[in-house]
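K.L.:
Sequences and hints are given; from them, build the entire structure.
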Amino acid sequence: MPAYHPPHIPSSDITPKHIYLSRRNFIGAAAAAGFGFATAGDALAAPLNAVPGPYKLNEKLTPKEAVTTYNNFYEFGVNKEDPAQNSGAFKPTPWSVKVEGMVGKPKEFGLDEILKMKLEDRTYRMRCVEGWSMVIPWIGFPLSALLDQVDPLGSAKYVAFETVVRPEEMPGQSGLFQALTWPYVEGLRMDEARHPLTILAVGLYGETLPNQNGAPIRLVVPWKYGFKGIKSIVKIKLVEEQPQTTWKNSNAREYGFYSNVNPAVDHPRWSQATEQRIGEGGFFGTKRVDTLPFNGYADQVASLYTGMDLRANY
Amino acid sequence: MAPLSAAIPALPRRYHALSIWVLYIVGLCPAAWYFYQAATGGLGFNPVKTFEHLLGIWALRLIIATLAITPLRDLFGINWMRYRRALGLLAFYYVLMHFSVYLLLDLQLNFAAVGGDIAKRPYITIGFAALLFLIPLAVTSNNWSIRKMGQGWIRLHKLIYLIALGGAIHYVLAVKSVTAGPFVHIALIGLLLFYRAIRRPLLNWKRGRRQPARAAR
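Taken in order, these protein sequences are the chains called A and B.
According to my numbering, the stretch in the first sequence is residues 241 to 554, in order.
According to my numbering, the stretch in the second sequence is residues 17 to 233, in order.
Don't take each hint at face value.
Now the stretches of chain A that chain B is said to cover, found in silico as 3 or more residues with beta-carbon under 8 angstroms [stated by the list, open to error]:
1. 317-326
2. 505-511
3. 514-521
4. 524-532
Restraint ranges, calculated between C-beta atoms of paired labels, are given here [stated by the list, open to error]:
5. B:Pro217 - A:Gln482: 47 to 55 angstroms
6. B:Lys222 - A:Gly525: 55 to 63 angstroms
7. B:Leu88 - A:Lys300: 49 to 57 angstroms
Calculated from the structure, these hints are not laboratory results.
Keep in mind it's a predicted model, so treat the numbers as computed, not measured.
Even glycine gets a Cβ: it sits at the ideal position worked out from N, Cα and C.
P.N.:
Below is the structure:
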């Protein structure tokens, strides 16, 4: 398969209707709110330009429609189609990400500044803890590039992340039955955070992230289960102690801090040995493939965990 | 105490048999519709799982409907006892389809994986046990068995309470978090099972209340 070139795909061919519509809503809202229509609107609508990244993956891409209509983002509801259906009112601009904690130069990054980072195409496998997987062409930049700008202190051992809380725009954050406690929080060990595979994604399939996939900026850690990839990030904090993580808080027996993809360690309620590739095979021929240790990235990351009991540190 | 039963017009007796057949056909419609949707791409990008889950949820709904027949009669005077067998059998068909989709389309006859799931995963163990328990109930859901078995039939069919409880636990354990949808189904099953525990004292109390009233007349 040839390398992926986003500019060759006309956006009219690949942008589903509901995204146009949500974009129109956004532009309307932006105009109503009286803030910079041209700047913000253009930043959202324009395809992203990215250079080819270092990790090539010769696997069939999951169709864009599957990536954008079948996923988990509990802030918008617990069903797979909920994020696409319920995220129309979410406003990903204006946006900023606070980077603070054990850093020499704490800083608040505006979205325009973030989009000026050197963006790369990163096509990664994505393995959900529920037993399904995708191959997604992300656009983003290494998290380490951001961390370098804030001068991390030597005492910082972990990186903690936090998702935005906006019950009025995120229906899953209000009501009687809320699946999790908010804000959604995640964390990485410093060496995991600085690993070149770890990226902050701002787009997929050549365009900015749709709301349902974590607009405008999310984490992607391809060797870990998908829920580690925290979405719509507003805060990144460098800390000394292992940070709280939402799914571990919700059920520590089933979800650990590390959550590395591991076919040998089953989820207490289901096997992790195989995974179902979404968007392939259809109804009568579901495509099931073997799950790989570290989701196939063992060569790059296994050394981070030398000597660690991966069964105990699930 | 039967205001609701008065509000619902009684179906003429000659339509009773027909209405039961209509119930069978209507009851199988969700399965047929979702199958059509799944096969034609209408159930999203994971049609097998979605279809499997929908069949399971409908099985629970039919079990809830089956369990609701007795309280409807006791408390509201609505006698739909003639539909109970159809509802119970439909529930069994849905559980069977739910398991078949899991076996054929989800795990694709990978019997090692199926065996491993049943042995190691409590929610699947419980779900499979509920399916097994439903078989004798389905097999004896006919007038001949009722005549032949007498009191034994009533005792055997009390298994539905265990099956309903198993179905509820299976559902709770299968989801990542209990939100409104699962909660409503489980709460209804809990309520209907709880009703069985208080049914005798409740009916006695009602009867006792009626007695003095009649004596005064």
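K.L.:
Next step is simple, just say for each hint if it's right about the structure.
P.N.:
Now the hints, each set against the structure:
no., hint, verdict
1, 317-326, "holds (count 3)"
2, 505-511, "holds (count 4)"
3, 514-521, "holds (count 4)"
4, 524-532, "holds (count 3)"
5, B:Pro217 - A:Gln482: 47 to 55 angstroms, "holds, 54 angstroms"
6, B:Lys222 - A:Gly525: 55 to 63 angstroms, "holds, 58 angstroms"
7, B:Leu88 - A:Lys300: 49 to 57 angstroms, "holds, 53 angstroms"
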